[in-house]
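Participant: The lines below spell out each chain.
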Amino acid sequence: MTRLERNKLADKLFKVVAICATAVALVFLAALVIDLIYDGAGRIDWSFITSFPSRRPARAGIIAAIAGTFWLMGLTALFAFPIGVGAGIYLEEYAKKNTFTKIIEVNIANLAGVPSIIYGLLGLGIFVRTFRLDQSLLTGALTLTLLILPIIIITTREALRAVPSGLRQASYALGASQWQTTYSQVLPVAMPGILTGTILALSRAIGETAPLVAIGALTYIAFLPESVMDPFTALPIQIFNWVSRPQKGFAINAAAAIIVLLCITLVLNSIAIYLRHRFKKRMRW
Amino acid sequence: MDKNNLKSFKALSFLLAIIAMTLVGGTGIAEAGRKIVKIDGSSTVFPVTEAVAEEFQTAHRGTMVTIGVSGTGGGFKKFCRGDIDITNASRPIKPTEIAQCKKGNVQYIELPIAYDGLAIIVNKSNDWIDSITVKELKKIWEPAAQRKILKWNQIRPNWPDKAIHLFAPGVSSGTFDYFTKAINGEEGASRGDFTASEDDNVLVQGISSDKGGMGFFGLAYYEHNSDKLKLIPVDDEIDSNGKGPIAPTVASVNDGTYQPLSRPIFIYVDKAKVEARPELANFIQFFLDNTAALSEEVGYIPLPAAIHTLTVERFKARIEGTVYEGAKQDASVEDLMRLK
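In order, the protein sequence lines correspond to chains A and B.
In terms of my numbering, the first sequence opens at residue 1 and continues consecutively.
In terms of my numbering, the second sequence opens at residue 1001 and continues consecutively.
Bear in mind the hints are in silico, worked out from the structure with no lab data behind them.
Glycine included, C-beta positions come from ideal geometry on N, C-alpha and C.
Where hints are given, some of them may not hold.
Said to hold, decoys possible - Listed next, with one range per pair, are the computed distances between beta-carbon atoms: (1) B:1233 / A:226: 47 to 55 Å; (2) B:1199 / A:263: 22 to 30 Å; (3) A:262 / B:1199: 18 to 26 Å; (4) B:1061 / A:56: 15 to 23 Å; (5) B:1062 / A:162: 26 to 34 Å; (6) A:38 / B:1199: 44 to 52 Å; (7) B:1256 / A:126: 44 to 52 Å; (8) B:1332 / A:56: 49 to 57 Å; (9) A:277 / B:1211: 19 to 27 Å; (10) B:1199 / A:184: 31 to 39 Å; (11) B:1099 / A:56: 38 to 46 Å.
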């Protein structure tokens, strides 16, 4: 076997290994989705979406959980986006590169890996107990904000770093201040990356159960929240409750609710892809 | 840089600002005219409370009921701080919790609402066991059994030389507290080498797929999985409350012969709040009126009529405190309630 042939063989082998790796992930995902659809798809109808929870599995629905999830998503985006992007801009564009900012950087990277239950306990201590916000939507959203802030800060910084420095220099050359440069030139270019990161972080947040359970989100609620101080439940909590009930009907409900949650995540992720595509198309230097 | 891109970026920031202002403005307006009954606590009691809340809200529009699941212990913590109106409990209040409530200046009314039987369960294909005594259960579960009692024939010599695998609810659950107190004599005292889960369906799965498996959990989980599991009658060797091994059924739990593994489940109500808020008093009254039918529907066993009457009277007279303070382990709810 010549050297060339050996290399070609190695190339082929690597390709097979890579395909297998992808297949493993996909097979498990497919198995999960197929199993869910088999169990739960038949259960999803309009009354399932629009009903409140009930002791009778066939009459129970997820409207309270969906409403809670959407409120949480909106509020979390509202808090996490400006703070995360702001912190990212500061660290990337303004902060001096010294030991102190390095320490901050390392800490943020570390925070991104902290288990979500820890954020729940933090939320319980700060928002529920100290600020007396109770088990409100505000508490839930602020807790989830803490959870995804590190991710948003990191993706914002990466997006900003990807903006060619020539763009900044050109702007300065025309007499623009640092803020004008950042706001009018750098940020819009970095936006697709930032938005994608934010939305992916959000779709992680809406699947979180542990921090919401820790702050004491409700399990049964038969009215929809009207303000940020209202109590709430969310889809993962409803699913968690149904899974642990003895009746088979609730297991089917749980599967159906998981499908709905997956659909919401899918829609969010598609929005991320669409936004990135749209912003990118417009970019012409 | 394209102008359009900048425009949509500005529009996005503007939109966020508007949403922020609307939300901040909206805060605090609601909440006012709304009557909310706040409940938290045990996941075991949750199905009963959920059923009552559901019926109550169809009958009485205008009062909202919310229920959280923090476990019996977590529920008492919130209750004794005055955060909630009612707490669900799958065991009586503990001395430490009595102290907490005293500290929080919360006086409570204790209301048993139904019975739950703890079922002793083995794998469906287990063909050697037909009954078990309380002494044998203790031999399996006591702290001294840890890493020692590992095979079935260590419990009864004619059982096979096979490994025994134990499954039980998590140590923070009221069910675990109750079982350890009833079998081992001390709350929380147990061997530690068993598979624990807060989710009883995990226990069902575990026992049904392990021939040497054994465990305990609420009767409702057996009833919905009786095709996969085998229920073991328990003999307490006290002939005065039923001779021989007795299986948990509505009848045996109700007449007190399934001992010591049938337990009352409770709600604890904040007395001051009941007196101040008619909608809360209404809710409790509705609870007591409907608990028999609804608890049966969700898989629990209604209280015998005599105890139910005592409970209703207890609430009517707004008698505070627990009947369990300083009570004997084997005392029945009825005797205790009559006593006080």
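Participant: Confirm or reject each hint.
Facilitator: Hints versus structure:
no. : hint                       : result
1   : B:1233 / A:226: 47 to 55 Å : 53 Å, holds
2   : B:1199 / A:263: 22 to 30 Å : 25 Å, holds
3   : A:262 / B:1199: 18 to 26 Å : 21 Å, holds
4   : B:1061 / A:56: 15 to 23 Å  : 20 Å, holds
5   : B:1062 / A:162: 26 to 34 Å : 56 Å, violated
6   : A:38 / B:1199: 44 to 52 Å  : 22 Å, violated
7   : B:1256 / A:126: 44 to 52 Å : 49 Å, holds
8   : B:1332 / A:56: 49 to 57 Å  : 33 Å, violated
9   : A:277 / B:1211: 19 to 27 Å : 56 Å, violated
10  : B:1199 / A:184: 31 to 39 Å : 54 Å, violated
11  : B:1099 / A:56: 38 to 46 Å  : 40 Å, holds
Hints 5, 6, 8, 9, 10 from the earlier list are contradicted by this structure; the remaining hints agree with it.
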